Amino acid sequence: MKELFAILIGAIFVENFVLSKFLGICPFLGVSKKTSTAVGMSGAVVFVMVLSQAVTWLVNHYLLKPNSLEYLQTIAFILTIASLVQLVEIVLKKMIPSLYKALGVYLPLITTNCAVLGSALLFVERDYTFIEAVVFGFAAGLGFTLALILFSGVRERLETCDIPKAFKGMPITLVAASLVSIAFMGFASLIIP
Amino acid sequence: MSVIIPVAIVSGLGLFFGVGLSIASKVFEVKVDERIEKVREMLPGANCGACGFSGCDGLAEAIVNEGVAPDRCPVGGASMVKQISGFMGIASGEVVEKEARVMCDGRFDNIQLKYKYEGIEDCHAANLLSGGAGTCNFGCLGLGSCKAVCPFDAIVIENGVARIISEKCTGCGKCVEECPKHIIHMVPVTSGFTVFCSNKDKGAVARKACKVACIGCRMCVKACPSDAITVSDFLAVIDPEKCTNCGECAKVCPQKCISDSRVRVTA
Amino acid sequence: MKIRSFRGGVHPPQSKNTLECETIKMGIPEKVVIPMAQHIGAPCKPLVKKGDTVKVGQVIGDTESYVSAPVHSSVSGTVTSVDTRIISFNRPITCIEIKPDGLQEVKEDIKPPVISNRDDFLKAVRESGLTGLGGAGFPAHVKLNPPGDTNVDTLIINAAECEPYITSDYRECIENTENIVDGIRAVLKWTGISRAIIGIEDNKPEAIRKLEKASKDFSEITVQSVKTIYPQGAEKILIRTLTGREVPSGKLPANVGCIVMNVTSVSFLASYLKTGMPLIKKRVTVDGSSVKNPANVEVLIGTPIEEVFNFCGGFTTEPGKIIMGGPMMGVAFYSMDLPVIKNTNALLAFSDVHAGLPEETSCIRCGRCVKACPMNLLPFELDRLVRAKLYEEAGQNHILDCMECGSCSYTCPAKRRITQSIRIGKDALKRMANK
Amino acid sequence: MEKRLIVSSSPHIRSNITTWGIMLDVIIALIPATGAAVWFFGLRAAALIAITVISSVFFEYIMRKILKRSNTIGDLSAVVTGLLLALNLPPTLPVWMAIVGASFAIVVVKQLFGGIGQNFVNPALAARAMLIVSYGSRMTSWSEPLSDIVSSATPLEILKNGGEMPGLLDMLLGKIGGSLGEVSAIALLIGGAYLFIRQVISWHIPVVFCGTVFILAFVLNPDGFDILYPLYHILSGGLLIGAIFMATDYTTSPMTRKGQIIYAVGCGLLTVVFRLYTNMPEGVSYAILLMNVAVPLIDRYTKPKVYGGGTNV
Amino acid sequence: MEEKKGLLSIFTNGIIKENPTFRLLLGMCPSLAVTTMAKNGLGMGAAATFVLVGSNLVISLIRKIVPDKVRIPVFITVIAGFTTIVQLLLAGFLPELNKQLGIYIPLIVVNCIIFARAEMFAQKNGPVAAVIDGLGMGAGFTLAITLIGSVREILGAGTWMGIPVTAKLFDPAVLFILPPGGFLVMGFLIAAFNKLADRKKSETETQEETGCAAGCPGCSKAMHGGEA
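Chains as they are written, first to last, in our numbering: chain R, 1 to 193; chain E, 194 to 460; chain B, 461 to 895; chain Z, 896 to 1208; chain H, 1209 to 1436.
Treat the hints as calculated values from the structure; they're not laboratory data. The model shown is predicted, which means the values in this text are computed figures rather than measured ones. Where a beta carbon is used, it is the ideal one built from N, C-alpha and C, also for glycine. There's no promise every hint is true.
Far from chain R by the CB rule (all over 10 Å, computed), these chain B residues [claimed, not checked]:
{"#": "1", "residue": "491"}
{"#": "2", "residue": "611"}
{"#": "3", "residue": "819"}
{"#": "4", "residue": "822"}
As a list, the in silico EDC-like pairs of lysine to aspartate or glutamate whose alpha-carbon atoms are at most 20 Å apart [unchecked claim]:
{"#": "5", "chain 1": "B", "residue 1": "491", "chain 2": "B", "residue 2": "524"}
{"#": "6", "chain 1": "R", "residue 1": "94", "chain 2": "E", "residue 2": "230"}
{"#": "7", "chain 1": "B", "residue 1": "849", "chain 2": "R", "residue 2": "15"}
{"#": "8", "chain 1": "B", "residue 1": "849", "chain 2": "E", "residue 2": "259"}
{"#": "9", "chain 1": "R", "residue 1": "165", "chain 2": "E", "residue 2": "346"}
{"#": "10", "chain 1": "Z", "residue 1": "1200", "chain 2": "B", "residue 2": "820"}
{"#": "11", "chain 1": "B", "residue 1": "895", "chain 2": "B", "residue 2": "853"}
{"#": "12", "chain 1": "Z", "residue 1": "963", "chain 2": "B", "residue 2": "820"}
{"#": "13", "chain 1": "R", "residue 1": "168", "chain 2": "H", "residue 2": "1406"}
{"#": "14", "chain 1": "B", "residue 1": "510", "chain 2": "B", "residue 2": "561"}
{"#": "15", "chain 1": "Z", "residue 1": "963", "chain 2": "B", "residue 2": "819"}
{"#": "16", "chain 1": "R", "residue 1": "33", "chain 2": "E", "residue 2": "259"}
{"#": "17", "chain 1": "Z", "residue 1": "963", "chain 2": "E", "residue 2": "314"}
{"#": "18", "chain 1": "E", "residue 1": "309", "chain 2": "B", "residue 2": "819"}
{"#": "19", "chain 1": "H", "residue 1": "1307", "chain 2": "R", "residue 2": "15"}
{"#": "20", "chain 1": "H", "residue 1": "1403", "chain 2": "E", "residue 2": "346"}
{"#": "21", "chain 1": "E", "residue 1": "404", "chain 2": "E", "residue 2": "314"}
{"#": "22", "chain 1": "B", "residue 1": "875", "chain 2": "E", "residue 2": "314"}
{"#": "23", "chain 1": "R", "residue 1": "101", "chain 2": "E", "residue 2": "230"}
{"#": "24", "chain 1": "Z", "residue 1": "1200", "chain 2": "B", "residue 2": "853"}
{"#": "25", "chain 1": "E", "residue 1": "401", "chain 2": "B", "residue 2": "797"}
{"#": "26", "chain 1": "H", "residue 1": "1307", "chain 2": "R", "residue 2": "127"}
{"#": "27", "chain 1": "B", "residue 1": "895", "chain 2": "E", "residue 2": "230"}
Let the sequences and hints guide you as you build the complete structure.
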C-alpha cells in the first residue's frame, strides 16, 4: 500500500509529467487555452492512461517478455496505444455519445501524446507490477490534469494581457509555464513516506 | 526461428488491431459532414493540438462550422492554408473580390467639434455620448474601433477619419460590422468613383455639419451617363455594378464629395 | 430607530452646499424648448404647429401609446418652431420651441380632476404628465398599474437623495411635507397598496423629523432612515435596504411586491389632484465650482440651461464641463441651449480644474470595485471582457444587471473608466440581440 | 476656435485613492522591517536593499522604453517589488545576484506579461524562488545578527534539524538569523497594522494564512503536543512577511472574500507541507507561488451571487 | 506540393523558414527535455534526423502501394521501426548518450515532426525530395535543440559541450538546466525568432510602401478631384 501511495504522490507532484519530465507538452500547450477544454482533455488522458497502462503491461508481460523481444517495445506499444485510442473513440462515438462529446473529441490528440507512451516505457524501466503500473498511469494522468487545469486558468488570464508583440502566443505561454514550473519546484524535494 | 517470432508478433498485433478496427469502424459508423472530411484531409493529420483544437478533426470541424481561419494550423504551411481557404471560398460561393471603404471624408479640416471627448478610445463609447464629438452625426468618429478589429493592419486613422489601405484589405468585413455609424461598406475592388459621405440630413443641415457633405443636389445623377447614381435621404449612392468609372459625377459635384478611390490605391 | 443599509457602495464627498437654500422661483425665460420625449417609452407627437398660440398647461404633445406621458406647455405664447434636435439621448427628438408672451395665461379647462375609482386615478396621473422625477423618467401611471400577476404590498417613497450636490428632493421634504403625505395617501387609497415606507438618508434629520411629524397620524406610512451611502437611492438598492427583497434580473420591482416613487413625484401628484395644473415646472439644484450663487431654483420646463445659470448669477470661472443630474450618474452636455426637462433635478457646472478626468492606468486587481458594486458584480472583470470584445462572456457575467451607478469607476485607484466600458458592453449586447 | 466643453461618461468625480498612494502605503509599512534589517545586519544590508530597489526601478524604466510603452516607474510598484525582493534575501548575498533577481522579477515576471496588474505570480517571490533554485547555497547562508559572523542556521533549520531555539523575545524582535526582512516579527506586525488601518489590505488573508499554519503545525507536530512549536512556525522564517506583504499582493490574490479565504488556507496548508515534508526548511515562497497559479481558478469558482439571484458563470 | 522546388530550397526550408522547433513549434517534448546540455541536443537531433530521413524515404517509396485507409498505422509502424533501429544502435555504440537521453529516444516515435513530415511531404513527393526534406528538417531540428542546449548549458552549468567557458565570469544559475529554465529559454528563443521574422517582414513591407512615401497628402488631394 505504501509503495502505491509513494508512486501516486511521486507521479503527481515530484516528477510531474508536464512540468518536470516534459512529457505531453504538445497537448499541455495546445489544449490549455480554456479551462473547459482542459478539463475534458484531462479526463480523456486519465482514462486512456489507465487503460493503456493495463493493456501495454499485458502485452509486455505476456507477449514480449516470454519471447525476450523487449527491443520490440516501441513498435508494440505504439501500435497498441494507437489502436486502443482509436477503438475507444469509435466505441464511445456510437455507444455513449454524451461521454464522447465530453472526452472523445480529445482522443485523437492522445495518440501522439508522449505521456501515454512515456508512462508505458517508464513502467518497464522501473519494473512495476500490474497494479503499480496502473496506479502509475492514473497518477501521471492526475499530475497532467493538475498542471493542465492550473495552467489553463493562467492562460485565460493571459488572453487579455498586454503582452509585447514578439512574445505573443507561444513564447509567453512558455515563460508562463516556466513560472508555474518554478512554483512546482517546491515539491521537488518532497520526502515521500 | 528467431526472426519469425518477432515478425509474427508484430504482424499479428497489426492484423488483430487492423481487423478489429475496421470491423469496429463499420459497426459503429457515424455520418460526418462531407466538407469536414475534405478539409480534414487537407490538414496535416499530425494531431499535435498546436491549433488549440482537439486534433485535426477538431480544427476541420471548426473551419467548416465556425469559420475559423485555417492558418491556426502551424504545421501545414502556406500551401495548405491556401488550399483550404480556396476550398472554403468555393464552398461558400464567393467570387467577386471585395474590399472595405470608409464612406466619409469628415476630416478635422472639414468638420467642427461639438465638444471635447474624454474617455475610452472607442467609437461606440463616443457614439453613446450624443452621437460623437463631430458636428456631422453620420460621419466617422475617428477613434479607431475599426482599426482595432482589423486583423491585417489595413486601417489607419488620418486627421480624424479612418482610411483603408486597399493593398492590405482582404475584404474580411470585420470593420463593416464594427463601425457604429455603419459608414464602412464592402465594394468590389474594381469600383473607382465613390461618394465619400454618409450624411442623410437635408442639404442645408449637412452643409453646416461638414464642408464636403453630400447635399443631395442630384447634379451627379444628371451627369451620370450610365444611370449608376441614385439619391435617397439626400445622399447620393453609386452602384458599382453600373458605374463605368467615367468620372463625370466627380466633375460636377459642388461639394467635392465624389472622388476616384483608385487614385489613392495606385498613387 | 434602526438604520438600514446594503452591502457595497461608496462615500463620495456629499457637497450638499444648497441644503439650506430655499427654493427661488425663476421668471419666464426668453424662449422655451419642449422635447416630445422626456420619459422612457414612446415619444409624443406634437399637437401644435409653428405659429399656433398656446397657453400654460395646454397639452402640446401626446401619443396613443400606453407607455408614454403627455407633454404640456409651460408658458403662454407663440410656437416658433417644431423641429428635430439632439437633446438628451443619442437620438434626434422632435422639439417645440415657444416664445412666451409673458402673460402666463392658464388654459381654461384646467381644474382639479374628479376621481371616483382606480381607473379615474390612473387616467388623471397620465394626464398630469407625471414621469418619474428622480432619474429615469418612467411614466407614473404605468408604474402605478403593475402587471396583473404581481401582488404589490409596499409603496416605497424614495427620499434617499444619495447623489452629491443635489438637494432638490430634500427641499421638497422640507418645504412641501404636507403634500408628500397627501400624495402618498392618495396613491395608497386608489391603488389599494397597504403600506408606504419613506426611505430617507440619516444625514437629513430635519427632513426626517418633519416627515415623521406629518405622517404620525397615519399608521400605514412609516419613515425609515437609511445609511448615508451611495447609491442608497437607486431603486433596486432601496428596495433591498427597506424590505430585504431582491428584484430578479430583468424583472420589475412590482414582481417583488414593491412600487418605488420619488418623493417629489408624490408631492406633485398631491398638488395636481388639488389644482389640476400638470407638470410644467421643476425644482433644480444649480451648483458646481463654476456657479456664482448655488441655489435651488424652480424652473419652467423647457427653459434653456444657460438662462438658469444666468439666473444664479452666471459663472465665476468659465465652465469646463456641464452636467445634467448628479456627478455620479448625470450626463455631461456640450451645449448651453439644452432645455430643463421633467426629470432634470440638478445642473452642475465645473471649472476646468474639476472638469477633466484623471488618466487611466492598468488595473491592479485590488478588488475595490468588487467591494463597491451594490449589485455584486465583478466590474473589473466586465471591464476586461468588454475591452477584449468578449461581449457574450460579459453577458454571462451579468453585465446587463449593471445599473451604471458609477461606484466602481469612482473607487478605482487606477482610474479605470469601468462604467463607460460597461456601457459599451451593454450597447454591444443590445446590438447583438437586435440582429 | 471657441472653447469646447468636455463631455465624458459618468461618473464625473473620482475618489482620491491612487495606485501611487497604495504603493506608497506599502512602502511606509515596510519601513519598520527595513529599519530592523539595517539595525541587525548593518550597512551591508542597507546597500543590498538600496541596490535591489534601484535596479528594479531601472529595469522597469528600461523595459518600458524598449517596449515603447508609457513610463510607469511613477506608480512606485517597482520600488515595492524591489524592496520586497531585497527583504527576502539573505544578508550575505553577493550584490550582482540581487541584481539578477531584480531583473528576473521586473523583466520576466512583470513586464513580459504587460506590466503592473498583469503578472500572475508575485514578482518578488518568483525572483526569490528563481534565486534559490539557481544559487541554492548562496541563498541559504545566513549571518548572525549584530555581528559579521556567518552562522549556519535559521530558527526553522534548527526546528527541523534539532538544536537550541532562540528565545521568543529574540524572535519577536528579530535577533535571529534569516532573510533581511523576515527576522523581526514585531516590525512586520507594525507594518501589517498600518496597512490594515489604511485599508490597503483586509485581515482575511494574513490571519487565515497564519491561523492555518498554526493549527496544522500544532496538529502535525512530530514531537507530540507543544504550544510553542506552532508559535515558532509563525514567528520564524518568511511566514509573517509572506502572509502580510506577499500573499496579499492584489494582482496575484483572489478578488472575493470567499476566494481569499480558500487561497489563504491553501497557502497555509502548502507551507506546512513544505516545511514538514520536504528537505527544505522553508516553503512559504513556494506555497504562495503555487496558490498564485491557482488564483485564476479560485476566482472562477468563487464569483459572488449577483443581486437578484443570478449566478456568475 | 505542386510547384517544383529546387532540392536546395527544400533543404533550407527546414532549417530557416519552416524550422520545426522555432517556427512550426513541433516536437516540444524532446526540445525541452533533453536540452540540458548541448551534446544531448546534438545526439537527440542526430537520432531524430536518422528516423526522419529513414521514414521519409520508406514512406515516399511505399506511398503508392499503401491504401489511404490504413496509411496512418502503416506510417506509425515504419516510424516505430526506425526508432527501434536508432535505439539499438545507440545502445550498442553510444551507451553513455543512450543513458542520458533515456526514454526520449523511443519517444521519437510520437514526435510530431516526423509524423507531420510523413503526412505533409513524404506522402506527396518522390524519394529524393523526401530524403532531402528529412535532412533539412532534421538539420533544422538539430540546430534548434543544440542551440537551446548550448544556451542552457552555458547559463546553467557554465560549460559548453562539457568545456568550462564562464568559470571566471559568473556563477552558473542552476535554474537553466532544470525544467523551468527549459521553458524559459525556449520561450525567449522563439520570441527572438519571431522578432527576426517580423523585422524581415516589415523590411519588405516598408519597401513596398515607399512607393507611397509622399502619398498621403498627395492622395487626399487626389481624393478631392484635384482641387487646390
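Results for each hint:
No beta-carbon of chain R is positioned within 10 Å of the beta-carbon of residue 491 of chain B; the least distance is around 51 Å. Every Cβ of chain R is farther than 10 Å from the Cβ of residue 611 of chain B; the closest lies at roughly 41 Å, confirming the non-interface assignment. Consistency note on residue 819 of chain B: stated as away from chain R, and its beta-carbon is indeed over 10 Å from all of that chain's, at 16 Å minimum. With a least CB separation of 8 Å from chain R, residue 822 of chain B falls inside the 10 Å interface cut-off, contrary to its annotation.
Restraint check for residue 491 of chain B and residue 524 of chain B: not satisfied, since their Cα atoms lie roughly 28 Å apart, outside the 20 Å limit. Under the criterion of a C-alpha separation no larger than 20 Å, the hint pairing residue 94 of chain R with residue 230 of chain E is consistent with the structure, at around 18 Å. Only pairs whose Cα atoms come within 20 Å are accepted, and residue 849 of chain B paired with residue 15 of chain R is rejected, the gap being roughly 40 Å. For the suggested pair residue 849 of chain B and residue 259 of chain E, the alpha carbons sit about 18 Å apart, so the restraint of at most 20 Å is met.
For a cut-off of 20 Å, the pair hint linking residue 165 of chain R to residue 346 of chain E stands: about 14 Å separates their Cα positions. Of the supplied pair hints, the one linking residue 1200 of chain Z and residue 820 of chain B is violated, its CA atoms being roughly 29 Å apart against a limit of 20 Å. This hinted pair checks out: residue 895 of chain B and residue 853 of chain B have alpha carbons roughly 18 Å apart, not beyond 20 Å. With a C-alpha separation of about 17 Å, the suggested pairing of residue 963 of chain Z with residue 820 of chain B holds against the 20 Å cut-off.
About 12 Å separates the Cα atoms of residue 168 of chain R and residue 1406 of chain H, which keeps this hinted pair within 20 Å; it holds. Simply put, residue 510 of chain B and residue 561 of chain B have alpha-carbon atoms about 15 Å apart, close enough for the 20 Å limit, and the pair holds. For the proposed pair residue 963 of chain Z and residue 819 of chain B, the alpha carbon gap of about 18 Å is at most 20 Å, so the pair holds. For the given pair, residue 33 of chain R sits about 17 Å from residue 259 of chain E by alpha-carbon distance, which is consistent with the 20 Å threshold.
For the hint pairing residue 963 of chain Z with residue 314 of chain E, the CA-to-CA distance comes to about 19 Å; that is within 20 Å, so the pair holds. Proximity of residue 309 of chain E to residue 819 of chain B is assessed by CA-CA distance (about 15 Å); at most 20 Å being required, the pair is judged to hold. Taking the CA atoms of residue 1307 of chain H and residue 15 of chain R, the gap is about 18 Å. The hint holds against a cut of 20 Å. Note on residue 1403 of chain H and residue 346 of chain E: the hinted pairing holds, with a Cα-Cα distance of about 17 Å set against a maximum of 20 Å.
Restraint check: the Cα-Cα separation between residue 404 of chain E and residue 314 of chain E comes to about 25 Å, which exceeds 20 Å; the hinted pair is violated. This hinted pair checks out: residue 875 of chain B and residue 314 of chain E have alpha carbons roughly 15 Å apart, not beyond 20 Å. At roughly 18 Å between alpha-carbon atoms, residue 101 of chain R and residue 230 of chain E fall within 20 Å of each other, so this suggested pair holds. Of the pairs offered as hints, the one joining residue 1200 of chain Z and residue 853 of chain B holds, with about 16 Å between alpha carbons and a cut-off of 20 Å not exceeded.
Proposed proximity of residue 401 of chain E and residue 797 of chain B is supported: the alpha carbons are some 18 Å apart, at most 20 Å. Our distance criterion of 20 Å between C-alpha atoms is met by residue 1307 of chain H and residue 127 of chain R, whose separation comes to about 17 Å. With a C-alpha separation of about 32 Å, the suggested pairing of residue 895 of chain B with residue 230 of chain E is violated against the 20 Å cut-off.
Hint violations for this structure: numbers 4, 5, 7, 10, 21, 27, all remaining hints satisfied.
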